[in-house]
Amino acid sequence: QDDMLFYVRRRLAYVGGDGVEEKKQVEVEVYRRDSKKLPGLGDPDIDWEESVYLNLILQKLDYIVTCAVCTRSDGGDIHIHKKKSQQVFASPSKHPMDSKGEESKISYPNIFFMIDNF
Numbered sequence: 047q048d049d050m051l052f053y054v055r056r057r058l059a060y061v062g063g064d065g066v067e068e069k070k071q072v073e074v075e076v077y078r079r080d081s082k083k084l085p086g087l088g089d090p091d092i093d094w095e096e097s098v099y100l101n102l103i104l105q106k107l108d109y110i111v112t113c114a115v116c117t118r119s120d121g122g123d124i125h126i127h128k129k130k131s132q133q134v135f136a137s138p139s140k141h142p143m144d145s146k147g148e149e150s151k152i153s154y155p156n157i158f159f160m161i162d163n164f
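In terms of our numbering, the sequence shown opens at residue 47 and continues consecutively.
Please note: incorrect hints may appear among the correct ones.
To be verified - Calculated pairs, SDA-like style, for lysine to any residue (alpha carbon to alpha carbon, straight line, at most 25 Å):
1) K140 <-> I161
2) K151 <-> Q71
3) K83 <-> E96
4) K82 <-> D93
5) K151 <-> A114
6) K82 <-> D49
7) K151 <-> V72
8) K83 <-> P155
As the list claims (entries may be wrong) - Here are the in silico distance ranges between beta carbons for each label pair:
9) S119 <-> V76: 42 to 52 Å
10) R57 <-> I161: 31 to 41 Å
11) R57 <-> K128: 43 to 53 Å
12) I110 <-> K151: 21 to 31 Å
13) P142 <-> D108: 25 to 35 Å
14) N101 <-> K128: 34 to 44 Å
15) S150 <-> K83: 15 to 25 Å
16) D123 <-> R78: 48 to 58 Å
17) M143 <-> D49: 22 to 32 Å
18) P155 <-> K128: 29 to 39 Å
19) E95 <-> A136: 12 to 22 Å
20) S139 <-> D108: 12 to 22 Å
21) D48 <-> K130: 18 to 28 Å
22) D120 <-> Y77: 52 to 62 Å
Bear in mind the hints are in silico, worked out from the structure with no lab data behind them. C-beta atoms are modelled at their ideal positions from N, C-alpha and C, and glycine is treated no differently.
Produce the complete structure using the sequences and hints provided.
This is the structure in structure tokens:
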């Protein structure tokens, strides 16, 4: 089991001068389970509902990606020539695969799956 906990933090950001506009900024913070810096249960900036859902999605669900090479016959039937499946792990961050050396970027609320050896 993963020892990481993910917290969704929402902060108000004020935009503009005269017409003060409030906009919520969203950050995902990651802590080890045994960290002394874990946010407290009373922290009003933590979106607790979204944090629980995010941790469930990332850590408690199993994901499998499948890739297949198929042909379709004249009758419309699909014939599978080769198929490969492997378990993948969800992440609230993404990493560009077209370049090397770039850091991962938080993609929340989108969830991405790293596939290095498919």
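To see whether the hints hold, each was checked on the structure:
Between K140 and I161 the alpha-carbon distance is near 11 Å, which keeps this suggested pair within the 25 Å criterion. Taking the CA atoms of K151 and Q71, the gap is near 15 Å; set against the 25 Å cutoff, the hint holds. A hinted pair counts as satisfied when its Cα atoms are at most 25 Å apart, and K83 with E96 qualifies at roughly 20 Å. Restraint check for K82 and D93: satisfied, since their Cα atoms lie roughly 20 Å apart, inside the 25 Å limit.
Between K151 and A114 the CA atoms are separated by roughly 30 Å; this puts the pair beyond 25 Å, and the hint is violated. Distance check on the hinted pair: K82 and D49 sit about 14 Å apart at the alpha-carbon level, within 25 Å; holds. A C-alpha spacing of about 13 Å is found between K151 and V72, which places the hinted pair at or below 25 Å, so the restraint holds. For the hint linking K83 to P155, the alpha-carbon distance of about 23 Å falls within 25 Å, and the restraint holds.
At about 49 Å, the beta-carbon gap between S119 and V76 stays in the expected band of 42 to 52 Å. Take R57 and I161: their Cβ atoms lie about 33 Å apart, and the range 31 to 41 Å holds. At about 49 Å, the beta-carbon gap between R57 and K128 stays in the expected band of 43 to 53 Å. Remark: the range hint 21 to 31 Å for I110 to K151 is upheld by a beta-carbon distance near 25 Å.
A beta carbon spacing of about 26 Å between P142 and D108 agrees with the range 25 to 35 Å that was offered as a hint. Between N101 and K128, the C-beta spacing of about 36 Å keeps the proposed range 34 to 44 Å intact. Checking the proposed 15 to 25 Å range against S150 and K83 shows it holds: the Cβ atoms sit about 21 Å from each other. Evaluation of the 48 to 58 Å hint for D123 and R78 yields a pass: the beta carbon distance comes to about 51 Å.
The given range of 22 to 32 Å is respected by M143 and D49, whose C-beta atoms sit roughly 27 Å from each other. Roughly 35 Å separates the CB atoms of P155 and K128, a value that falls within the hinted 29 to 39 Å. Under the hint 12 to 22 Å, the C-beta atoms of E95 and A136, about 18 Å apart, fit the expected range. Checked against the given bound of 12 to 22 Å, the beta carbons of S139 and D108, roughly 20 Å apart, stay inside it.
Distance hint for D48 and K130: a CB-CB separation of about 25 Å, consistent with the stated range 18 to 28 Å. In this structure, D120 and Y77 meet the distance hint of 52 to 62 Å, their C-beta atoms being roughly 58 Å apart.
Going down the numbered hints, you'll see the structure goes against just number 5.
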